[in-house]
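2 protein chains.
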Amino acid sequence: MTKKNRQLSLNAFLHDTGHHEASWRHADSSVERAHDIEFYIEQAQAAEAAKLDAIFFADSPGLWSATPYRPTAHLEPITRLAAIGARTQRIGLIATASTTFYEPYNLARLFSSVDIASGGRAGWNIVTTQSDSVARNFNLKQIPSPEERYARAQEFLDVVTKLWDSWEDDAVLADRASGLFFDPEKVHAINHVGTYYQVEGALAAPRSPQGRPVYVQAGSSNEGRAFAARNAEAIFTAHQTIGDARAFYDDIKSRAVKLGRNPDHVKVLPGISPFLGDTEAEAKELQDHINSLTVPAYGLAQLEGLGGVSLGHLDLDEEVPLELFAGSGDVLDNNRSRLMVVANIVERDRPTLRQLLHRLAGGRGHNVVAGTPLQVADIITEWFENGAADGFNVMPPLYPQLLDAFTATVVPILQDRGLFRTEYSGTTLRDHYGLPRPDSLYAGVADEREAELV
Amino acid sequence: MTKKNRQLSLNAFLHDTGHHEASWRHADSSVERAHDIEFYIEQAQAAEAAKLDAIFFADSPGLWSATPYRPTAHLEPITRLAAIGARTQRIGLIATASTTFYEPYNLARLFSSVDIASGGRAGWNIVTTQSDSVARNFNLKQIPSPEERYARAQEFLDVVTKLWDSWEDDAVLADRASGLFFDPEKVHAINHVGTYYQVEGALAAPRSPQGRPVYVQAGSSNEGRAFAARNAEAIFTAHQTIGDARAFYDDIKSRAVKLGRNPDHVKVLPGISPFLGDTEAEAKELQDHINSLTVPAYGLAQLEGLGGVSLGHLDLDEEVPLELFAGSGDVLDNNRSRLMVVANIVERDRPTLRQLLHRLAGGRGHNVVAGTPLQVADIITEWFENGAADGFNVMPPLYPQLLDAFTATVVPILQDRGLFRTEYSGTTLRDHYGLPRPDSLYAGVADEREAELV
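Protein sequence lines, in the order shown, are assigned to chains V and H.
Just so we're aligned, residue 1 is where the first sequence starts under UniProt numbering, counting upward by one.
Just so we're aligned, residue 1 is where the second sequence starts under UniProt numbering, counting upward by one.
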């Protein structure tokens, strides 16, 4: 594929009233609609009208935060996808779900059903969850170690992959004359017996339009990168600078190549959270206004939880001491990888505590930018054309206003540059991302014991 | 409430191409659309146009049957409800889910989200699942005993009830000025510590429009009846005769009264599967035709699985020996209660094996009737007015044709008799069923340790 033909992928990451933690306090926010499915359907329809690749929902099976200072309750995302799928035709539908807290048979069914119902538009953002408070919703006192979570995640993924493949593509006969609804030779018990799971199968559903939903992953820890390089087809990641993003991009692509994968089938999609204005000053003014609405107690609690540090003794308007986040450079888990982003900001920019809270308020470590449509399009183009991104997970600080501004002003510039589609060329999320449709593991395998994951 | 004002409840039990196991082989069946969500959306819209109370989906997290002779794969029902909810406005949305194979926190979220997204139309048909083959999809070799399943079900229900109540109705403030999204005094950790579950909470969602989805139950075993009398607000049940139905109705209502419940808040809804024709002969002709399409190997496998008996040595056209199902009168579990229906048919009607298979092919033990709209309306009226039913779970043998016929011809007769609504008077499923909206267990409770289930 030449650079000229290479196309950006753009997702709309839908998140309550916006990605800025104080967006809900804006006078024009949609906070009264934070739990209204129509609010999300409208945004998905707007993203589809702009030909975006997908919408995306984060998730955690617990409150986002124990503090009362922002929308912390959230509708379950897979049922949201199902509702949105019934009111859209083309846009991809990605939701996050945890391998630590679901049964693989249940989760395989949920995503299979969304993929079937939507005509092949489902994607699964695979996470292992890292919160003790979530663990306490599921019979545990604390979250398992990253090593155990990722070992379980890999086996979980192997199980659901087998389940999604358990009906071969041509297994359904629906032959009125013979009375055979399916071909028994083409529906396979998976007979999985592993460390964490014993699952007989087959899945209670025929193979879905995409064969399997798109495998998405969002962890940047060592375990997360290894898992992503082996399994993921799209990776959501957080970087503040093009340098950091390029290093991550190179690392993931080379890991994938070493595992024998085609690096073009591993899309790297950093987050970008754009404040837009007709002028740069107008964009920054909006950013400053929303920053001014933050509740410091919320940001402090988030930062203390992330870093395992105490911040209560610091003055909001004094420089953050360099030593506070020192030693965070060793990426052990996702908390630490996000913490490294914080340490880098502190070291590079020497912000006051208030300034640091504002920096994180916008995108929780993702790249927050404020500028004109042209400036934002230039950043996207620069990252895309210089080995830092295959596309972006777009995280508007305020919904729907800043998604609407993005699709109305930034997308056309990217289209004019030939970097982004003006019409969908396919019908599935795999089509949009340029990913192949996988064959069933069981296709052409006479003895199902021979069908093993490689 | 006087008899005159008492209103029927009518659900459309959606099930693939129809409830008759051979419906898919009919020349005009919709078998090609068996996994097309639009097929189910259209039916739900038709049921809503006829002002029915709800649609209903059965479920089992496994194949319906290992035999290839009928549609055995099925879309996951909660995501189906979500999709249908996004395309309907008033009709109730009931899906089946198993307490044995879900985590309570996950299931609480799924139904809460459907209830919120649909404006208060969700119902949960609570089942414990009784199949060993399903157990083998979930790390087990065989299904737990009925006693253990129902003990787990009760604790599961207690947990999800607490979760659904964990946000008081007025917990969301969304107060831009103060920066408080919720009132911390009104969001409660549930801190459940029981035999099977330890769940901290709160739920990751505000309280839903109905407070809790409607609690539906469909078991008729001893354990099932006790569970239903204690917990259920609507009960789906299978009876062949008005006598059996009245005995069940009386038993359930008196059990509920003994537990201090209002018997009007426990709706008893038998299944009815109507073949309709302009004349009785025409209806029976359609029934005979679809019966003729059955594959005996399918029905035999179902019956053998149900009864734990071998039937292969019998001639299809000889009378079923009375002793074959003798001793099935002791209702131990749901399989046995369904088996008792079979034993009663054999004893009462002395059918050949083929005739017995045809009897069961239509509704798996539910009441299959063939007649004119007036005849079917008369049966419904007779059962409703004589203490056998508060309404019906309508199970058309062939979709969409026999649902359309029911709504076009039977419903108007019931409306003319003043037994069924001509317009919805409320917006929620609780409104349709005439059920109260429960207060949160935590409402007005200062110390959450005081909030205990009674």
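Note that these hints are calculated values from the structure, not bench results.
Check before you lean on any hint, since a few could be wrong.
[Stated by the list, open to error] Listed next, the stretches of chain V that the computed footprint assigns to chain H, with coverage defined by at least 3 CB atoms under 8 Å from CB atoms of chain H:
| no. | region |
| --- | --- |
| 1 | 25-39 |
| 2 | 60-66 |
| 3 | 196-208 |
| 4 | 235-248 |
Where is the CB? At the ideal position from N, CA and C, for every residue including glycine.
Results of checking the hints against the structure:
With 9 residues bearing a CB less than 8 Å from a CB of chain H, the region 25-39 of chain V meets the requirement of three and the coverage assertion stands. Note: the region 60-66 of chain V has 5 residues with beta-carbon separation from chain H under 8 Å; the three-residue rule is met and the coverage holds. With 10 residues having a Cβ less than 8 Å from any Cβ of chain H, the region 196-208 of chain V passes the three-residue criterion, so the hint holds. Three residues within the 8 Å Cβ limit are the bar, and the region 235-248 of chain V against chain H gives 0, so the coverage statement is violated.
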